[in-house]
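Protein chains: 2
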Amino acid sequence: MPHTATTSEPTMLRDVLENGCTTIDAALERLLPGENIRPESIHRAMRHSIFAGGKRLRPILCMEAGRALRGDLPAGIEDLGCALEMLHTYSLVHDDLPALDNDDLRRGKPTCHKVFGEAIAILAGDALQTTAYEVLSGLNCPAADRIRIVGEIARGAGTVDGMIGGQVVDLESERVAPTAELVEYIHRSKTGALITASVVSGGLYAGASDSQVEDLRAFGRAIGLAFQIVDDVLDMTQSSEQLGKTAGKDTATSKATWPAVHGVEPSLQQADDLIKSGCARLDSFGPRASTLKELAHFLVQRKK
Amino acid sequence: MPHTATTSEPTMLRDVLENGCTTIDAALERLLPGENIRPESIHRAMRHSIFAGGKRLRPILCMEAGRALRGDLPAGIEDLGCALEMLHTYSLVHDDLPALDNDDLRRGKPTCHKVFGEAIAILAGDALQTTAYEVLSGLNCPAADRIRIVGEIARGAGTVDGMIGGQVVDLESERVAPTAELVEYIHRSKTGALITASVVSGGLYAGASDSQVEDLRAFGRAIGLAFQIVDDVLDMTQSSEQLGKTAGKDTATSKATWPAVHGVEPSLQQADDLIKSGCARLDSFGPRASTLKELAHFLVQRKK
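Heads up: the sequence lines are chains W and D, in that order.
Take 1 as the starting number for the first sequence in the numbering used here and just add one per residue.
Take 305 as the starting number for the second sequence in the numbering used here and just add one per residue.
Only chain W is shown next, with the shape it has when bound in the complex (with noise of 0.2 Å):
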């Protein structure tokens, strides 16, 4: 696949994206209260779920975001990226729930209710959203960039064109001829907001511009429906064991996918072509981007 990045070799994404994991695993370990704290309960179900095995793509985009205007890592950056973590982990914990998608297993584990039953996994997805702006609230960074930062990710998690919205759009949307329009409203809702908001939430974090956070806005928005494309396509093509959690559940349940829409082969170019055009808007940052550019072109080359 196209590759527009120079300065860095594969193995150097590979260091970034373990870095970041293992950055991100240690601040979640500081800011989730312990499993040994009044109500034990309620930490353990937060940390089962937290730490049941993600890739950390939102921490890790906004801590790049932070890198192509700096040149290197903001101090503290890594606590914003776990606000998105726990955004991110409350949504599938109640997506999981038996009431939306029943799920029982998800990144290969048991879901949160099947361990703790669905009291517990609905306030454990509950805290986990109120745990991302308590730890937002303490921030490194001026507190008129925080609050802009709050504003931002509430935006991108919430009802109108955000992750809630998307969310009710895909679940009324079972059982309904998908249309290109329908599935581009869930993916970029349900998936491009938040992951938008990562982007930008880290550039705010770095101190950018209003011209460098609308770049790193178009970028954000063409990454995140590209990801949410090649999730599709691997859905159709791998197996469970590849994916870690029940594989063709989308075409099984008639969910709205891309593919189902365009077809394989189109998504699969679709999604090159947004990548690119993504890219393109972060040319003005200079080589400082370029690892944000790679990550952007490992989200469609990714086999899980």
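Certain hints may be false.
[Stated by the list, open to error] Quick list of in silico lysine-lysine cross-link-like pairs, DSSO-like style, CA-CA up to 30 Å:
no., chain 1, residue 1, chain 2, residue 2
1, W, K55, W, K114
2, D, K580, D, K359
3, D, K559, D, K607
4, W, K255, D, K418
5, D, K559, D, K580
6, D, K559, W, K114
7, W, K114, W, K303
8, W, K114, W, K255
9, D, K418, W, K114
These are computed hints drawn from the structure, not numbers from a lab.
Guided by the hints, dock chain D onto chain W, whose structure is given.
Coordinates of chain D only, in the frame set by chain W:
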């Protein structure tokens, strides 16, 4: 019952409560997405629960804390009040779910999941929480105060001595003989922490000094506990019709209640003592705090 405020008449308190409700309802109407905005179902569900006739106690306490500092209501403080009401309402929507308290009625009306189904009710609760933080990010006060307010409220709504923590311990204490320590933990966390955050955040919005914040916190902790003690007593002694919800449910499910441990009359005396000691912390505020003190007395004199 004893009464320390002397500058206002009972009719004035009624005005404060009525005007407070009107102000908050108008602001909620403005701040919540309209029912015609996609996805319509979630916005209908959010509005169903938030406009189901709450007393707007937390917003009014918040606004009166602002008045206790400034002498008048600080401009725009109703938006902060609305965020608090959204958080309170999200907790009710989730508490009412079948996996938790399984309540069909709330404030005399069908609960969110009875009208919209469990999936939408879970997501509507999530969205009320998200919208609360979005509203906080846009408050009309200095960024440094806004971000302190976000932290204060997130901690009050959280798991460690906060609203969710109290809910977890409450759930886990069903069918366990309640002790005084257990009931106090539940009440201070589940109800008291958000009431305390309401009073403290109103003070922060109005520019309270550190010592004023601590006085407001002590006041909030006292009245928050007193409020829940009285709530327990009312649940034991009033009919469902008077309360607008299923009465006697606490006893039926052997929930940990204050009168179950301390008896009804001692409970009312303790609530009264708490109000008195809480109000004493406001003496340094002078006559500006008279309405806030009256509100505190109203909390233990109410009949529903």
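Cross-check of the supplied hints:
Distance check on the hinted pair: W/K55 and W/K114 sit about 22 Å apart at the alpha-carbon level, within 30 Å; holds. Proposed proximity of D/K580 and D/K359 is supported: the alpha carbons are some 23 Å apart, at most 30 Å. Our distance criterion of 30 Å between C-alpha atoms is met by D/K559 and D/K607, whose separation comes to about 21 Å. Restraint check for W/K255 and D/K418: the C-alpha separation of about 25 Å stays at or below 30 Å, so the hint holds.
About 27 Å separates the Cα atoms of D/K559 and D/K580, which keeps this hinted pair within 30 Å; it holds. Distance check on the hinted pair: D/K559 and W/K114 sit about 25 Å apart at the alpha-carbon level, within 30 Å; holds. Annotation: proposed proximity of W/K114 to W/K303 holds, straight-line Cα distance about 27 Å (limit 30 Å). Between W/K114 and W/K255, the direct Cα distance comes to roughly 23 Å. Compliance with the 30 Å bound is thereby established for this hinted pair.
For the hint linking D/K418 to W/K114, the alpha-carbon distance of about 24 Å falls within 30 Å, and the restraint holds.
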